[in-house]
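Chains X and L are the protein sequences, given in the same order. At position 176 of the first sequence the residue is numbered 176 (the UniProt record's numbering), and the sequence of numbers has no breaks. At position 98 of the second sequence the residue is numbered 98 (the UniProt record's numbering), and the sequence of numbers has no breaks.
None of these hints come from the bench; they were simulated from the model. Don't take every hint at face value.
Treat identical chains as interchangeable: a pair holds within one or across any two.
Claimed, not checked - Computed cross-link-like contacts, SDA-like style, restricted to lysine to any residue with a CA-CA straight-line distance of at most 20 Å: (1) Lys4 x Ala24; (2) Lys237 x Ile64; (3) Lys85 x Ala232; (4) Lys85 x Ile267; (5) Lys4 x Asp252; (6) Lys4 x Gly200; (7) Lys85 x Ser111; (8) Lys237 x Glu76.
Number of protein chains: 2
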Amino acid sequence: MTRKIAVIGAGLIGRAWALVFARAGCEVRLWDLDPNVRARALDELAEACRLSGEDASALAQVTICADMATAVDGVEWVQENGPEKLEIKRQIYADLDRMTAAHTILASSSSALLASHFAEGLPGRARIIVAHPVNPPHVIPVIELCPGPDTAPEVMERAEVLMRAVAQVPVRLSREIDGFVLNRLQAVLLAESLRLIEQGIVTPRGLDDTITHGLGRRWALLGPMATINLNAPGGVKDYLDRYGPTMARLSDSSARGEAFTERAAEIIAADLPGPAQVPELSRRRDARLAELGRFLRDNNE
Amino acid sequence: MTRKIAVIGAGLIGRAWALVFARAGCEVRLWDLDPNVRARALDELAEACRLSGEDASALAQVTICADMATAVDGVEWVQENGPEKLEIKRQIYADLDRMTAAHTILASSSSALLASHFAEGLPGRARIIVAHPVNPPHVIPVIELCPGPDTAPEVMERAEVLMRAVAQVPVRLSREIDGFVLNRLQAVLLAESLRLIEQGIVTPRGLDDTITHGLGRRWALLGPMATINLNAPGGVKDYLDRYGPTMARLSDSSARGEAFTERAAEIIAADLPGPAQVPELSRRRDARLAELGRFLRDNNE
Chain X
1 MTRKIAVIGA GLIGRAWALV FARAGCEVRL WDLDPNVRAR ALDELAEACR LSGEDASALA
61 QVTICADMAT AVDGVEWVQE NGPEKLEIKR QIYADLDRMT AAHTILASSS SALLASHFAE
121 GLPGRARIIV AHPVNPPHVI PVIELCPGPD TAPEVMERAE VLMRAVAQVP VRLSREIDGF
181 VLNRLQAVLL AESLRLIEQG IVTPRGLDDT ITHGLGRRWA LLGPMATINL NAPGGVKDYL
241 DRYGPTMARL SDSSARGEAF TERAAEIIAA DLPGPAQVPE LSRRRDARLA ELGRFLRDNN
301 E
Chain L
1 MTRKIAVIGA GLIGRAWALV FARAGCEVRL WDLDPNVRAR ALDELAEACR LSGEDASALA
61 QVTICADMAT AVDGVEWVQE NGPEKLEIKR QIYADLDRMT AAHTILASSS SALLASHFAE
121 GLPGRARIIV AHPVNPPHVI PVIELCPGPD TAPEVMERAE VLMRAVAQVP VRLSREIDGF
181 VLNRLQAVLL AESLRLIEQG IVTPRGLDDT ITHGLGRRWA LLGPMATINL NAPGGVKDYL
241 DRYGPTMARL SDSSARGEAF TERAAEIIAA DLPGPAQVPE LSRRRDARLA ELGRFLRDNN
301 E
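Next up, chain X with everything else stripped away, as it sits in the complex (with noise of 0.2 Å):
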C-alpha cells in the first residue's frame, strides 16, 4: 500500500521533504500557507531535480493542497516545517493534533525548538517528536530524531523504520538536550575556527582547506569515534590512554561562545565570496552533493 505522507511548508526544507518522500514512491500533499509559494512549489521541486541529477518523474507522486486539512487528511506521517516560532508552533500543533488521527506521526524540522516547547499539554503529545534533517534533506541523509519527554518509545520506532524505508539516515537521540546533537558539534567546531580566525592564526581559507583537505574528507567515510578506533593499534581505548590527556588539554583551552565576535564576521566575510555569489554557489554545493551522495552509495562498506 503506498504510504500517504503530509509535509507542512513548502520553503526550501519543505520541498527537499517532499522530495524524499516522493522519490521513495511515497504519496505526498504538500501544502503552505503562502498560495504563492504554492504555486511555485511543483516548478521549485523540477528545478531541485534538475540540479541534484535525480528523475523528476517521481515528483507526479506531489499533490500541492489548498488547506492544510486536505494535506493532513488519512496520512501515516506529518513533515512540518514552519517558522521558528513558539507561539506559531504551539498553534500548528494543536491543528495538527485535532485534525489528524491517533496513528499519525507527527514530525517537526525544528532546529531550535524542542518537542516539550510546543507539544505540552496537548491531548496527541505522545505521537509527537522532532525530525531535524540538514539542509537540504534530498542530498544530505542524517535525519536527528528526538523524542520529548511524553513520546511514546513506538513513535520513535516507527519514524526510525520510515526514515530508514525513504532512504535517509535516522540518528536517534535518547531525550531532549538543546542543539540535539549535530548543531552542538558544529557549534563547538564554529567556536574555535571563529576565535583561530580572529586571532590571525589561519586565514578563513585555510581553515576551510584543513577541513575539506583533511579532517572533513576522513569524516565523510568514518565518524569521529570510528576514527579514533584506528588511528592507535589497540583501538579507541588505546587512543584515549595514549592521546587523551592531549585532546582533553587542548579542548580545556577552547574556545566558547565569546567567540562568535563582530570582527571574525568582518574577517571570514572579506576572505569568502559575497552575499551575491550565495544563490549559484548553494545551487553547486546542492549538486556537488548529490554527486558525492551517490559516490558514497556506491562505495559503501
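Keeping the supplied structure of chain X fixed, place chain L upon it in accordance with the hints.
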C-alpha cells in the same frame, strides 16, 4: 632538475611522505634508525601503493639509505618523522642542522612538539618548521605549516610552494599554537562527542552517523566557513547575525577536557569493532580515502 628530498624515519608517516614526494617525481632518500624497518620499507611502500590504487613505478624514485648523513646530503628538504620525545628531537635537529647546507629546509611531522621546543638555540633555526600531516598523508592532502619564532618568512614561502608542487594542500599558520589548527578542531569535537555519548544522549554509532551522513559529507566539499556562508541569504555575516547567538549558547555549554573519561571510552569500545579488526579496517580506510580523493579531484570546483 629533479628535486632531492630526504625522509627521516620510515614508519607509517615517513613511508607515506616518501610516496607523496616520489609520485611527484622527486628523488627520495629514505632512512630509519632501525635496520629492520629500512629492510622492509620498499615492500611496505609497494603494499601502500597497492591499497591506495597507485602506480608503484614511482617507487623507483626512492632510495633506502644506510645512514642519515647520506640521506640528507644535498637535499632541498628534510621531512623528519622521529619519535615525539623532546630530547630525541633536539638531538636529531642538532645533527640535521650540522649535516645539511644552509638552504635546506628542515621540516618536522610533529603533532605534539613545536619548532620552538626543538629548534631553540640552533644556528639553523630560521630554516626549521613543522609540516604536520594527517595520517596517512598519501591519501589525505592537508599539511599544516607552522613556523617557529625564528623561522624565516622565505622558508615558509618555499615550504608552501614545495607542498603544492607535490600535490599536497598546505595550510599556513602565522605562529605557534598548541595542537596547531587541525587537532584543536578535532579535540573540541571529540570532547563534545564523548560527553553526549557518556550522557546516553546518542550512541557512538549514532554520533558517527551524524557526521558521516551529515556534517562530514558537507565538510568534505565545503569547509565550515564556506558552509555557513551559504546557510543564510546574506552570506556569513547574515548567518552570524541570525544564528551566532544560538551557536554561542551551544558552545557556552559545550564539554571540555573532563569529558575524556574511562567510562566514555568503555561505552565507545563496546559499540565499535575491536582491536583485532583495526589493521584490516585501516587498510580499507586508506583504500576508500584514496578513492574519495580521486573523486574529489575529478569533481573539483
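So, going through the hints one by one against the coordinates:
no.	hint	in the structure
1	Lys4 x Ala24	within (11 Å within a copy, 56 Å between copies)
2	Lys237 x Ile64	neither (53 Å within a copy, 35 Å between copies)
3	Lys85 x Ala232	between (46 Å within a copy, 18 Å between copies)
4	Lys85 x Ile267	neither (31 Å within a copy, 37 Å between copies)
5	Lys4 x Asp252	neither (49 Å within a copy, 42 Å between copies)
6	Lys4 x Gly200	neither (53 Å within a copy, 33 Å between copies)
7	Lys85 x Ser111	within (11 Å within a copy, 46 Å between copies)
8	Lys237 x Glu76	neither (43 Å within a copy, 40 Å between copies)
Consistency with the previously given hints fails for numbers 2, 4, 5, 6 and 8, ordered from lowest to highest.
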